[in-house]
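What follows is each chain in one-letter form.
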Amino acid sequence: MQSSGADRIRRLLTAGAGALLAALMALVLIVGFRLATRIRANVALLQHASLLEAYPAEVSQQLTALRERLGTLEYTGGVHQELADSVAGFDRSLAALERRPDVDPSVLRAVGHLWKAYTPVLAPVLAYSGEPYSDTDFGSSLSVSGKIYYTQVRRAELFAQGRAPALHRRLATLSAALQKRTSSAASRLRLLLSAGVLAVLLLGAAAAYLQLARSRGERAARAAEEQTRDILHTVREGLFLLDADYRIGAVWSQALNHLFGREDFAGLTFEELLHGKVSPATLATATKYIKLLWGERAHENLMKSINPLGQLEVMLDNGRGGKEAHFLQFNFHRVLGPKGVKHVLCTVADITPNVMLARELHAAQENANAQIDMMVSMLHSDPLQVGGFLDTASAGLKHVNAILKEPARSHAEFSSKLAGLSRELHSIKGEASALNLMSIAQRVHHLEDMVEELKGKSELTGNDFLPLVLKLDELLAHLRSVREMILRLSTLKDGASTSDGTLSTPVLRLPGTERPNGTVELATTLQGLARKLAEDHGKPFKLSLEGLEEVPVNYLPTVKDCLIQMLRNAAVHGIEPDAVRRAASKSATGQVRAQFRRVESGCELVFEDDGAGLSPEALKEAAVRKQLLTEEQAAELDNRSALALIFKPGFSTRAEVTMDAGRGAGMDVVAKSVYALGGRIGVSTHPGRFTRFKIALPAPSQTAVA
Amino acid sequence: MSSGNPLERRPVKLLIVDDSNIVRRRIERSQQFDDLQVVGTAANGLEALELARRTDPDLVTMDLTMPQMDGIECITQLVKLKPAVRILVISALADKATAVEAMERGANGFLNKPFSDRQLNEAITELMY
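Protein chains in written order, with this note's numbering: chain R, 1 to 706; chain V, 1 to 129.
Any given hint could be a false lead.
In silico lysine to aspartate or glutamate, EDC-like type, Cα no more than 16 Å apart, as pairs [stated by the list, open to error]:
(1) R:Lys-277 with R:Asp-350
(2) R:Lys-304 with V:Glu-104
(3) R:Lys-147 with R:Asp-135
(4) R:Lys-304 with V:Asp-56
(5) R:Lys-291 with V:Glu-104
(6) R:Lys-417 with V:Glu-104
(7) R:Lys-288 with V:Glu-104
(8) V:Lys-82 with V:Asp-56
(9) R:Lys-694 with R:Glu-546
(10) R:Lys-288 with V:Asp-95
(11) R:Lys-342 with R:Glu-296
Computed Cβ-Cβ distance ranges for the label pairs, DEER-style [said to hold, decoys possible]:
(12) V:Lys-80 with R:Gln-311: 30 to 38 Å
(13) V:Gln-37 with R:Thr-234: 52 to 60 Å
(14) V:Pro-11 with R:Asn-318: 53 to 61 Å
(15) R:Gln-311 with V:Arg-10: 39 to 47 Å
(16) R:Glu-535 with V:Ala-84: 54 to 62 Å
(17) R:Ala-618 with V:Ala-84: 37 to 45 Å
(18) R:Pro-353 with V:Asp-56: 26 to 34 Å
(19) R:Gly-340 with V:Lys-80: 22 to 30 Å
(20) R:Gly-340 with V:Asn-21: 39 to 47 Å
(21) R:Leu-336 with V:Asp-56: 27 to 35 Å
(22) V:Ala-84 with R:Leu-336: 58 to 66 Å
(23) R:Arg-11 with V:Asp-56: 54 to 62 Å
(24) R:Lys-304 with V:Lys-80: 56 to 64 Å
(25) V:Ala-84 with R:Glu-218: 51 to 59 Å
Sample of chain R residues with no beta-carbon within 12 Å of chain V, all distances over it, derived [as the list claims (entries may be wrong)]:
(26) Leu-210
(27) Thr-282
(28) Pro-577
Keep in mind the hints are simulated off the structure, nothing from the lab. Even for Gly, the Cβ is constructed at its ideal location relative to N, Cα and C.
Okay, chain R solo, but in the shape it has when bound (with noise of 0.2 Å):
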């Protein structure tokens, strides 16, 4: 801007000294042309001066040769005639000097007068028009009127010779005067052209000086305008700036062209710019925001805490004929002018790198955390029983993979598939939670999530799975991370190191046999259970276990995952919340019971609650509304086969998912596996007081091993 201004003076000062040189070369040819017709018309007054002194000696001659002749008796008509001519170019020259007035009329005037003194002896001889000889026998001799003439001539010749050098004197002053004007004139012209000549070469050493300094002007705006292109080139922000219709302008960086894939952004406006490569809510808002950058609230703290495209993500074009998901970071500067906001200049950065390390060091952070809540939590707990259900749990995922390559075609394949993942998955589920191995659980959890909402879909193709598998995956990774961490931890609280990396050996290694410790685990683990149950739910109340140490080694893992699955019912679903309890003057704590022992034929296992017991009613209306039954089918249904409902597959009455029921394959699973060992299992219950379950298992002598 600055350089602008200097710009303007300059080219004020050229004009202004232009318009002055030809004022003056107007003026100097003006006064000279004046000056030089002054020096014209004195040149003529001179030649007359000249002519006019000159004329008082040749009157006097002529009449002196005009007297001569008429002594000699000579022919005097052509004195005569010359006498007569220079009388009238006398009268003629003096008239010519009389009409200027530049002329000293005082000289005029005296020689006016002495001129007119001639008149009264000349006239007679000029006028004289007779034969001035006569001719006789005796020879010429003048007439009368010839020695008349001649008297006249004789007196005039006097007079003239008389008269001649005060004339004379008179126009030679007259002559000398205007020979000095003329001079003087001429002298003036000469000063005035010198002057004139002077003030051009001033004038153009002045309009040299400018063009110069205006050429060094030029220099130097090419040289910044240089400058701004290289700094263009060469940042690595895209930067343009904005006019108030939302424009971009005539200039912006070439990092510009690399983010965006294009060249054409002048005038492109900013909703332009952004167009398909980000969403139309985003887009909408970012137009919003922009237009808010030129009104008066803007406070540039404010809108810079409220910029919504501070990390943006948008598709662009990779170069390879893809998109490609990048994080742009827009900011944000209002250029004010004398009138408010003149431009807005927007930055633009890729932090694509910065944002993806940004994510990574958060997952980092968060995997870390997850390691030292398992961690802490193993070490609560024993390392045989997490070692027991790593076991288990690799071999349910293995089954979940053997059902995952199951080949399918027809829907109702995939839904029997579908359904063996749900309920494979959800005991894993509940056997991590039992011992509180959140890490583990909320993995199994999510894989559930997945399998639900394939369950959702009509149309189903082994591409569909492929998530799973992925995900399923990762779960065994992290199984076998958990695997490495137990080893280290068992080595830690042995106070003993193993050379050998396996993980079995520190856990087999510990003494005791292998029954006592399985069903020692059991109780400790349902224990853990219950407690994290109670806290979890908000509903007090005490697991009480008898004879489980009677549990035959082959029935352990179906003992197990039915207690699991009886105990989580019976603190999501039978356990009332303590005000429910006390508002039906029960004890505040819950009493949950599980009894094993040996029967005549075989084992027996009652598992009872003394919570709020089973609605027959519920359970229907529940049944239809997963469309397990039809109204009239439930209108139908007697109380025992409604409550034998809960052993369906695919049946919750839970609304919500959680973590520990409300998936629909928990008593499913149980019955299953009662059923595959050959037993039975039943229900009974009375509302507001208490459920029991009852399951009867033949003698573990007759039963192949599970």
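Chain R is fixed; fit chain V onto it per the hints.
Showing chain V alone in chain R's frame:
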């Protein structure tokens, strides 16, 4: 802003709009300006408009998610009702789109919940002084 400052003559009248009375009390207590006078507290947009009509506040702190009439709608109507009022949005909605929307409707400042006393005072200072 300092020239002809009416604040030197009379206190700034503050209207607090938030559906949580914890937040309302927090704002009431945290203001440390001698010349800030709480003229009313409202728990939703409708109440706020009614109170604004009666008390003619200079400054309104505005929550966005409220029952009956939300903050965005309330700002729109409040600006029509009292064009000179200055509105400080105090919201837990951290997304920038909401902030831009509020500004577009006529809010003058934006503060995210949770906020410290210092942040609140700074926001009010920037808006009023």
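Each hint tested on the structure:
For the hint pairing R:Lys-277 with R:Asp-350, the CA-to-CA distance comes to about 14 Å; that is within 16 Å, so the pair holds. Our distance criterion of 16 Å between C-alpha atoms is met by R:Lys-304 and V:Glu-104, whose separation comes to about 15 Å. Distance check on the hinted pair: R:Lys-147 and R:Asp-135 sit about 14 Å apart at the alpha-carbon level, within 16 Å; holds. A threshold of 16 Å between alpha carbons decides the hint, and for R:Lys-304 with V:Asp-56 the separation of about 30 Å lies outside it, so the pair is violated.
Taking the CA atoms of R:Lys-291 and V:Glu-104, the gap is near 9 Å; set against the 16 Å cutoff, the hint holds. Using a Cα cut-off of 16 Å, the hinted pair R:Lys-417 and V:Glu-104 is violated, with the two alpha carbons roughly 53 Å apart. About 7 Å separates the Cα atoms of R:Lys-288 and V:Glu-104, which keeps this hinted pair within 16 Å; it holds. The suggested pairing of V:Lys-82 with V:Asp-56 holds, with an alpha-carbon distance near 8 Å, which does not exceed 16 Å.
Simply put, R:Lys-694 and R:Glu-546 have alpha-carbon atoms about 14 Å apart, close enough for the 16 Å limit, and the pair holds. Using a Cα cut-off of 16 Å, the hinted pair R:Lys-288 and V:Asp-95 holds, with the two alpha carbons roughly 14 Å apart. For the hint pairing R:Lys-342 with R:Glu-296, the CA-to-CA distance comes to about 13 Å; that is within 16 Å, so the pair holds. At about 34 Å, the beta-carbon gap between V:Lys-80 and R:Gln-311 stays in the expected band of 30 to 38 Å.
As the Cβ distance of V:Gln-37 to R:Thr-234 is approximately 56 Å, the hint placing it in 52 to 60 Å holds. Hint check: V:Pro-11 to R:Asn-318, Cβ distance near 60 Å, so the stated range 53 to 61 Å holds. Distance hint check for R:Gln-311 and V:Arg-10: the Cβ-Cβ separation is about 44 Å, which falls inside the suggested range of 39 to 47 Å. For R:Glu-535 paired with V:Ala-84, a C-beta distance near 55 Å keeps the hint of 54 to 62 Å intact.
Hint check: R:Ala-618 to V:Ala-84, Cβ distance near 60 Å, so the stated range 37 to 45 Å is violated. Roughly 53 Å separates the CB atoms of R:Pro-353 and V:Asp-56, a value that falls outside the hinted 26 to 34 Å. In this structure the supplied range 22 to 30 Å holds for R:Gly-340 paired with V:Lys-80, their Cβ-Cβ distance being about 25 Å. The hint said 39 to 47 Å for the Cβ distance between R:Gly-340 and V:Asn-21, and at roughly 42 Å that hint holds.
Between R:Leu-336 and V:Asp-56 the C-beta distance comes to about 33 Å, which sits within the given range of 27 to 35 Å. Look at V:Ala-84 against R:Leu-336: about 24 Å separates their beta carbons, and that is not inside 58 to 66 Å. Taken as a hint, the range 54 to 62 Å holds for the pair R:Arg-11 and V:Asp-56, whose Cβ atoms sit roughly 58 Å apart. The hinted window of 56 to 64 Å between R:Lys-304 and V:Lys-80 is violated, with their beta carbons roughly 28 Å apart.
Take V:Ala-84 and R:Glu-218: their Cβ atoms lie about 52 Å apart, and the range 51 to 59 Å holds. For R:Leu-210, the non-interface assignment is confirmed: its Cβ lies about 46 Å from the closest Cβ of chain V, beyond the 12 Å cut-off. The beta carbon of R:Thr-282 sits about 7 Å from the closest Cβ of chain V, which is not more than 12 Å, so the claim that it is off the interface is violated. Every CB of chain V is more than 12 Å from the CB of R:Pro-577 (nearest about 26 Å), matching its label as outside the interface.
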